[in-house]
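Use these hints to put chain B with the ligand onto chain A, whose structure you have.
Going line by line, the protein sequences match chains A and B. Throughout, my numbering is defined as the position within the first sequence, counted from one, plus 59. Throughout, my numbering is defined as the position within the second sequence, counted from one, plus 7.
Derived from the structure by calculation, the hints contain no laboratory data. In this text, all values refer to a predicted model and were calculated from it rather than measured experimentally. Glycine is no exception: its CB is placed at the ideal position from the N, C-alpha and C atoms. Wrong hints could be hidden among the right ones.
[What the hints assert, rightly or not] For the chain A half of the interface with chain B, some residues (derived, Cβ under 8 Å), not all of them:
hint	residue
1	Arg151
2	Ala206
3	Glu210
4	Arg212
5	Cys244
[Said to hold, decoys possible] Stretch by stretch, here's where chain A covers chain B in the computed footprint (C-beta under 8 Å, at least three residues):
hint	region
6	45 to 57
7	77 to 85
8	93 to 100
[Stated by the list, open to error] Chain B side only, calculated, beta carbon under 8 Å to chain A, not exhaustive:
hint	residue
9	Ala28
10	Val30
11	Val34
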Amino acid sequence: MIVALAGGTLPPDDVVVAALRTGDEAAFAALLDAWSRGMLRLARAYVSTDDSAQEVVQDAWLAVVEGIDGFEGRSSLKTWVHRILINTAKKRGVRENRAIPWSSAFERRGEPSDGSSRPSRSPGEDGVPPGPWKDFSALWPTPEDEALASEVRGQIATALAGLPDRQRIVITLRDVEGCTSEEVCEILDISAANQRVLLHRARAWVRGRIEVYFETVGRPA
Amino acid sequence: MKRFTHNRDKAVNAVKRFRCAEVVELVTAYLEDALDEPARLGMEQHLACCRECDRRLDQFRAVIGVLGALPSEDGLRGDVRDRLMSAFRDRRHRRP
Ligand SMILES: [Zn+2]
Numbered sequence: 060m061i062v063a064l065a066g067g068t069l070p071p072d073d074v075v076v077a078a079l080r081t082g083d084e085a086a087f088a089a090l091l092d093a094w095s096r097g098m099l100r101l102a103r104a105y106v107s108t109d110d111s112a113q114e115v116v117q118d119a120w121l122a123v124v125e126g127i128d129g130f131e132g133r134s135s136l137k138t139w140v141h142r143i144l145i146n147t148a149k150k151r152g153v154r155e156n157r158a159i160p161w162s163s164a165f166e167r168r169g170e171p172s173d174g175s176s177r178p179s180r181s182p183g184e185d186g187v188p189p190g191p192w193k194d195f196s197a198l199w200p201t202p203e204d205e206a207l208a209s210e211v212r213g214q215i216a217t218a219l220a221g222l223p224d225r226q227r228i229v230i231t232l233r234d235v236e237g238c239t240s241e242e243v244c245e246i247l248d249i250s251a252a253n254q255r256v257l258l259h260r261a262r263a264w265v266r267g268r269i270e271v272y273f274e275t276v277g278r279p280a
Numbered sequence: 008m009k010r011f012t013h014n015r016d017k018a019v020n021a022v023k024r025f026r027c028a029e030v031v032e033l034v035t036a037y038l039e040d041a042l043d044e045p046a047r048l049g050m051e052q053h054l055a056c057c058r059e060c061d062r063r064l065d066q067f068r069a070v071i072g073v074l075g076a077l078p079s080e081d082g083l084r085g086d087v088r089d090r091l092m093s094a095f096r097d098r099r100h101r102r103p
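Pulled out of the complex, with its shape left as it was, chain A reads as follows (with noise of 0.2 Å):
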């Protein structure tokens, strides 16, 4: 029995598992509402419509459910959702002509294509989580204002959107979902070196886009 949720912790996998297995339908939900959204992300980098996102992360999860039983614990639980995730959003994304091909991803494909063009959007309304905006604001302007916090994250949804699909995806799982080194690793089947690089360049283009933003805003008109 799933009990100790508080908190969004998950007890240790093999709980989780012999819970799925003998059908408890609250550790089953508590895992969907905890990697749903982070899956839904993930499955958009190799998608194009939010639609199909949802689909995808719907038949992973579908696949989830019939292969509980085979599940070896070779790898954690969250491992192996998401790599049936990404296999399930490649095949998808194959359909949808949006191939990722892992395999040359060594290769230098030059800088990201510049996402400056693309409109800002603003991502809502929500309050300012303190912690990340005191390091941000000794560097770049304070952005006390809930506007400015707002038009910031718009700046980084940009920047993000302007990656190349693979620093796009590492990024957003280490940086935005928060996985380790390792879990990026096994997931996408990429060896840690590979990783270190896309991540790299992944930030390297955010912190330049968010320098960029400041230098312009900071100018008075």
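Below, chain B with the ligand without anything else, positioned relative to chain A:
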């Protein structure tokens, strides 16, 4: 003199000297703690006396912090979630 040579080699091996362009490329490896000891020391030595690179490192950290706090996307659509829950229930009925 043998001892002198030995000491000098050791000093050379102990800390790598980096140019700014090299430091830029190693920021993520540094943050991942993936550098060997001489490279890490060289990195820290450079950062201690180069404001520009030190600031860039802080900017990387700041960007990583904000990325980790982005508002999450909408979750699963209600109908999708319902379908998954009922698929999970059906499975138990098929395999008691
Ligand atoms: Zn420097």
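Now for the hints, and whether the structure bears them out:
Taking 8 Å as the C-beta contact cut-off toward chain B, the hint placing Arg151 of chain A at the interface is violated, the least distance being around 15 Å. For the restraint placing Ala206 of chain A at the interface with chain B, the shortest Cβ-Cβ distance is roughly 15 Å, beyond the 8 Å limit, so the hint is violated. Interface hint status for Glu210 of chain A: violated, as the beta-carbon distance to the closest one in chain B is roughly 12 Å, over 8 Å. The restraint placing Arg212 of chain A at the interface with chain B holds, with a minimum CB-CB distance near 6 Å, inside the 8 Å limit.
Among the interface hints, the one on Cys244 of chain A is violated; its C-beta lies about 12 Å from the nearest C-beta in chain B, farther than the 8 Å criterion. Coverage of the region 45 to 57 of chain B by chain A is violated. Counting CB-CB distances below 8 Å, 0 residues qualify, and the rule asks for three or more. Residues of the region 77 to 85 of chain B lying with their CB closer than 8 Å to a CB of chain A number 8, which satisfies the three-residue condition for coverage. Only when three residues or more bring their CB closer than 8 Å to a CB of chain A does the claim for the region 93 to 100 of chain B stand; here the count is 5, and the claim holds.
Given hint, Ala28 of chain B at the interface with chain A, is violated; its Cβ is 12 Å from that chain's nearest Cβ, farther than 8 Å. For Val30 of chain B, the interface hint is violated, the least distance from its beta-carbon to any beta-carbon of chain A being 12 Å, above 8 Å. The beta carbon of Val34 of chain B comes within 7 Å of a beta carbon in chain A, closer than 8 Å, and the hint placing it at the interface holds.
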